[in-house]
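One-letter residues, chain by chain:
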Amino acid sequence: MRTAQYVCRRMTAGLVLMLGVSVLSFILSSLVPGNYFDEMRLNPQVSSQTLAHMRLDYGIDETLPHRYLHWFRNAVRGDFGFSFAYNMPVSSLIWQRLSNTLLLAGTATALVWIVGVPVGIFSARFTWANRITSLGSAALLSVPELAVILLFLAFFVRIGTMPLGGIAEGNGNAGWARIGATALHLLIPVLALAIVGLPIVLQHTSTAMKEVLEAPFIQAARGHGISPARLLLRHALPAAANPLISLFGLSLAALVGTSLLAEVVTGWPGLGPLFVESIFARDFYVVIAIVMLSSSFLIVGNLVGDLLLFAADPRIRRTHS
Amino acid sequence: MKRSRIALIIFCLLHGAMLCADFFAPYAADQQNRTLPFAPPTQIHWRDQAGRFHLRPFVYGMIANSDGETYSEDRNVAYRIRFFVPAEGERASQFGLHLFSVQDPGHLFLLGTDEFGRDLFSRILYGGRISIAAGLLAMLIALGLGTLLGSIAGMVGGVVDGAIMRLAELGLALSWFYLLLAIRAFLPLRTPPLETFFLIAAVLGFTGWARPARLVRGVLLSAKERGFVMTARGFGAGPIYLFRRHLLPQVLPVIWTQAVILIPQFIMAEVALSFLGLGAVEPLASWGNLLAELQSYRVITSYWWMFTPVIVLVLVSFSYFLLLNSLQKRVHSVAV
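Chains as they are written, first to last, in the numbering used here: chain A, 90 to 410; chain B, 623 to 958.
These are calculated hints, taken from the structure and not from any lab test.
Mixed in with the good hints, there may be bad ones.
In the SDA-like style, the derived pairs of lysine to any residue whose C-alpha atoms are separated by at most 20 Å in a straight line are [as the list claims (entries may be wrong)]:
id	chain 1	residue 1	chain 2	residue 2
1	B	951	A	292
2	B	624	A	220
3	B	951	A	231
4	A	299	A	221
5	A	299	A	327
6	B	846	B	780
7	B	951	A	322
8	B	624	B	937
9	B	951	A	223
10	B	951	A	296
11	B	951	A	228
12	B	624	A	224
13	B	951	A	397
14	A	299	A	322
Required output: the full structure, derived from the provided sequences and hints.
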């Protein structure tokens, strides 16, 4: 029951935070000079009556509190307003893009964890492996993300067999062909993202494991003749899991944020390009919706990380109950 | 010791080159040669066609081939490279001397040119100055704000501490890049170049204060409880004296390391913003601007020299990384 209470409190705090973010976004958006329709005024093909009509339709000239309340009432019901540039509801625009982003970031995150944790454990166990991985991850850590992505792109362009942009050819292929094409398009951005994310997981795993492996109880277990594999996985890993679980929570929280640059560079139709586009077009309802979405992911991701920690570590459970 | 010295040398060389861009760069960042778009790096020769060796290197003239894309050397005209040349025209007011240049109709593009025929080498140097300056300024803002708020939180405690730390948690909870873009989204799009520069630095600085603030507060809280600090307080030391004399020296290592962590992070953030077109805008060169040209397929496939900014970026990032490593070692050896 304590857990339920804790979750409730955290969710309430998260909702308050979201409310703050939305109010702040609205205030900031009203302070900015110019909006979507100002550019339209320069277009000779749009008459001033049409423009006035559109402004009325979109409620641009209403007062700020009025607009916010209107937006809030609809947002609670899952309607985040209307995109000026795409001329469609923001929510239906965003869901498609969100699923693409999650596909990309989720695959990359999964790859990072599936590779990073075993390699990290391995490198904590053997000194020579540790030397290689610490050198490699130091080198990777010092290369900026944008450089990694661009160099990857250049490399695959030279090879010349990989599809370079987008998500899949839009010629209506379905089923397995579509999945295959998507997987092929995923390869470059996922690899680039994985290379950026891998050294962090690797270093955390190997540091945590090394610390635990030096603890007296491991020495004792080794003295009892427990096999090295069992020692590593059954005794050392659970003791070293806490920082990893926190890190996992953080990487869940960052799912919507990490792939932004990679998406823009490789032309992946996710939230990233949409976000940048809508900033340029002054398409504010889209900007606000994406900001809200990313902050909600952060809140939920952090919460999930803490709950996992709660579930995994009896010491934390005991201090809380 | 040895590695840290290498790091320091690379670091100083890179930054010195950017800082003295007026001296090292043969051309202005915005000087266009519309007849020479995407010219490859100019070859420097020591031997002429007769096979004779010249002590003073020279370059040949460049002529565009009939396909309009490639260039070949015009072996009939040779231009000698001159060193320590007095600057001319618009750039004379900046430094007055260039490290090297060639006689006038000739061109010396060490790293080739971009689509407007601007010298990439000069643009990398001038762009680096903008990017690094933005990183430095943002670091000063973030660290200044963070140290101030963190010290207030640590020294005063109570409600003030709670309020500042909640604010910091909010800042840490939001992904900083989204926060950065979100703040940028709600600022004017097109501003004069200099204003843009300060705007970017300010935005970067205001998104990054939370982590240093938390660290400074943490160090202060534990420093306040140490024996000699308590003794000094017992002897009647006031809070300001206590902070300046006893607490600040304990906080300084944290501030130094944070500075070295934050600068490259902010440089990369500026690069990312300019890459997306939300940072430094065209007449101003910045590393992000230079990289942005790599978004075109033609540039990626045909003009390899356009990738040199990426390599410079990696070098700068790596030098900061090495610097951080040696700094951390030193701080640990002093603290323990």
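- Going through the earlier hints one by one, which of them does the structure break, listed in rising order? The structure breaks hints 7, 13; every other hint is satisfied.
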